[in-house]
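Got chain A; can you put chain B on it based on the hints?
Chain by chain, the residues:
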Amino acid sequence: MLSRRKLLQGTVALGAASALTGLPAWAQETDMRLFWFGSPTRAERTLAVAKLFEGATPGVKILGEVGGNDYWSKLTTMLAGGNAPDVFQLEPGRFADYAGRGAMLPLDDYLGSVIRTDRMMPDVMKLGQVNGVTSGVPLSINAFALLYDTVAFKEAGLTPPDRTTTWDDFARLCVDLTKAIGKKGVWAVGNAARYSHALEAFLVQRGKRLYGEDGRIGFDVVDATDWYGYWDSLAKNGGCVSAEVQALDKIQIDSNPLSTGHAVMAIAFSNMLVGYQALQQNPIGLTVLPVADKGGPSGLFYKAGQQFGVAHNTRNPELAARFLDFFLNDVEAGKALGLERGVPINLDVRAAVKPTLNEVELRSYDYIAAIADISGDYPPQVPVGASELEERVYRTIADQLAFGQITPAEAGQALVDQANAILG
Amino acid sequence: MAVDETLHYRAPVWSRLRGQLAGYGFLSPWLIGFFALTFGPAVSSLYLSLTDYSLMSSPRWVGAGNYVQIAQVDPRFRAAMNVTFTYVLLSVPLKLIFALAIAVLLNKGLKGLNWFRAIFYLPSLIGGPVAIAVLWRQVFASDGIINQVLMSVFGYEGPSWIANPDTAIYTLVALAVWQFGSSMIIFLAGLRQIPQDMYEAASIDGASRTRQFFKITLPLLTPVIFFNAVILTIDAFKAFTPAFVISDGSGGPIDSTLFYTLYLYQEAFMNFRFGYASALAWVLVAIIAGFTALSFFSAKYWVHYDD
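Residue numbers (this note's numbering), protein chains in the order written: chain A, 1 to 424; chain B, 1 to 307.
It should be emphasised that the hints constitute simulated quantities derived from the structure, not laboratory data. Please read all numbers here as calculations on a predicted model, not as lab measurements. One or more hints might be untrue.
Cβ pair distances, simulated, as ranges [as the list claims (entries may be wrong)]:
(1) 82(B) to 279(A): 28 to 38 Å
(2) 72(B) to 233(A): 30 to 40 Å
(3) 404(A) to 235(B): 51 to 61 Å
(4) 72(B) to 157(A): 56 to 66 Å
(5) 250(A) to 119(B): 47 to 57 Å
(6) 77(A) to 197(B): 38 to 48 Å
(7) 73(A) to 296(B): 32 to 42 Å
(8) 279(A) to 27(B): 51 to 61 Å
Quick reminder that beta carbons are idealized off the backbone N, C-alpha and C, glycines included.
So that you can see chain A by itself, here it is in the shape it has in the complex:
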């Protein structure tokens, strides 16, 4: 029988063991953790690449984890706790917030050797740099695009916007289209005053930037006031959705007014076409954004779809770099991924993927090719603090404007003031 002393010793030993054991017993040298967020389709495709990599690299096991709404807080907690996944996904708007705080391992030593870059789009690795250090790699590219319901335009007898459509034309079109639809609670387009990506295109067309090289905002109060004034008057003329509809948009595909049935156009990204189309009966068309002047800059440029970073304290940097190389440069991996995160950055992979695409994906693919002649330079890296602007400044100010709490001029001033306060 168990004596009291034995039991006591056992309990203490067990307690000590659970307190002291830092490493789980199953973590072997060749395990690699991979963490990302996104749809079940993305998970399927990403895990397929992980399987291919395991096949090509015997003895390596990739443990995939998918995050949901809590992705960023989970990632932050794991990084702070020193148990971050070896490779994790980031998005351009938050990339510098993690890179600038030293979360990621600099990859410059691996670029061009372990991570081959010879068949990649020129300069595309700049999309993973912060302050000249390569902190991650872009997984794909995409671009701003105007998505529209082709049937709604046909029924209204109106022509969708094209390269010659100015913002003023677009405003008239939206008012006409809303009238032509003639349904209560349905407008032409969402109120894009909230979207920093739409503002960015608007600014680039004026020769400005959303963020400058110096890590501060690249525009002034006049630009911001013009921007808010445009959407304020469009809302008042009934060309874009009401404040209450717009306030429910979480800036995700399924919450966009186009997807909720309150609008027939959306200012979004080219790779999202597949996601938007999945929620629509009618075919969704893809075109460029309106411009400031006919023949002027398009405001478009290639953006990183998503990025992968390698944890600063990964136990096997070499293996992580090899995985990134495989993810970006392997043709079979590229085929498994398709266009889910955007168009591949390796030109060979891109060519190999094309025949595997369905009709919807092909529209997104062709759009990226079609805008090659009007795409501008890569923008400067989004600065540290930008995610805070995304979380609580752009949306809040646009909502205050839409609900009539402030004027466009006050909104413009507020945006500049708050952005300066956060970006320093």
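Relative to chain A, chain B alone:
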């Protein structure tokens, strides 16, 4: 003699110590949990609240800097306080009244009492999880049930309750009040404790039902009301999930559902200000402690203890 005495004296100490050790051994799962998971983090959060700490870099000492910023310059702190106090001051009394009213009704010896009790308790059981907050979002949406009822019964076109910054917080208050079940159960238990002969004596003296309620039921129930009020107040200050789910973590529209804890969460996990968020947490602890102390102090004047 002297030697004997020491021996006599030592033996019980050793055995008492052994007994205590065994006790601590059995307690150790809880003790380890408490020190490793509650007390330790609390102490380090107190330290972090005096630093500037962002994720990877080591904490930088700033003294009372975070607290000064909270008190003097943070507009969102004020917004969060506004939202939280509105929520607490509305949801707690409403929930108490609701729970008490239902408990009194159920205490009348209704047929199928257990059945009703279970039904009324159900929202509290299932109320915590995300699914209910999602449901709530549907109920109060512009084309949700509430507006459909308003439209068909009154011909009134209701706003989108959740999307409108003027009404969003009240949907959260309603959600809280709806989950009155656990307070109700406690009230029911309290009502059962009140001796029947008091009511008999009162009705012989000709006291009306209303008078009986205010002169017997309510005074004798004050300890239970007090208990419920304190628990509900603390819970309301700590509320997080409903606002997080309904506003998708943003506290919007326009910070109108920015609960204090949600703001704290945003500062830590979205804006990487762990030091500042820790300071916010300690301010919340102070506020809750203050409120609780106030309740206990005021209890002297209105809570009636039988003994």
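Now the hints, each set against the structure:
1. 82(B) to 279(A): 28 to 38 Å: Roughly 37 Å apart at Cβ, these two residues keep to the hinted range, so it holds.
2. 72(B) to 233(A): 30 to 40 Å: holds (38 Å)
3. 404(A) to 235(B): 51 to 61 Å: violated (35 Å)
4. 72(B) to 157(A): 56 to 66 Å: Cβ of residue 72(B) to Cβ of residue 157(A): about 59 Å, so the range 56 to 66 Å holds.
5. 250(A) to 119(B): 47 to 57 Å: violated (34 Å)
6. 77(A) to 197(B): 38 to 48 Å: violated (59 Å)
7. 73(A) to 296(B): 32 to 42 Å: Holds, since residue 73(A) and residue 296(B) (Cβ atoms, about 35 Å apart) stay within the stated range.
8. 279(A) to 27(B): 51 to 61 Å: At 55 Å between Cβs, range holds.
Violated hints for the displayed structure, listed by number in ascending order: 3, 5 and 6.
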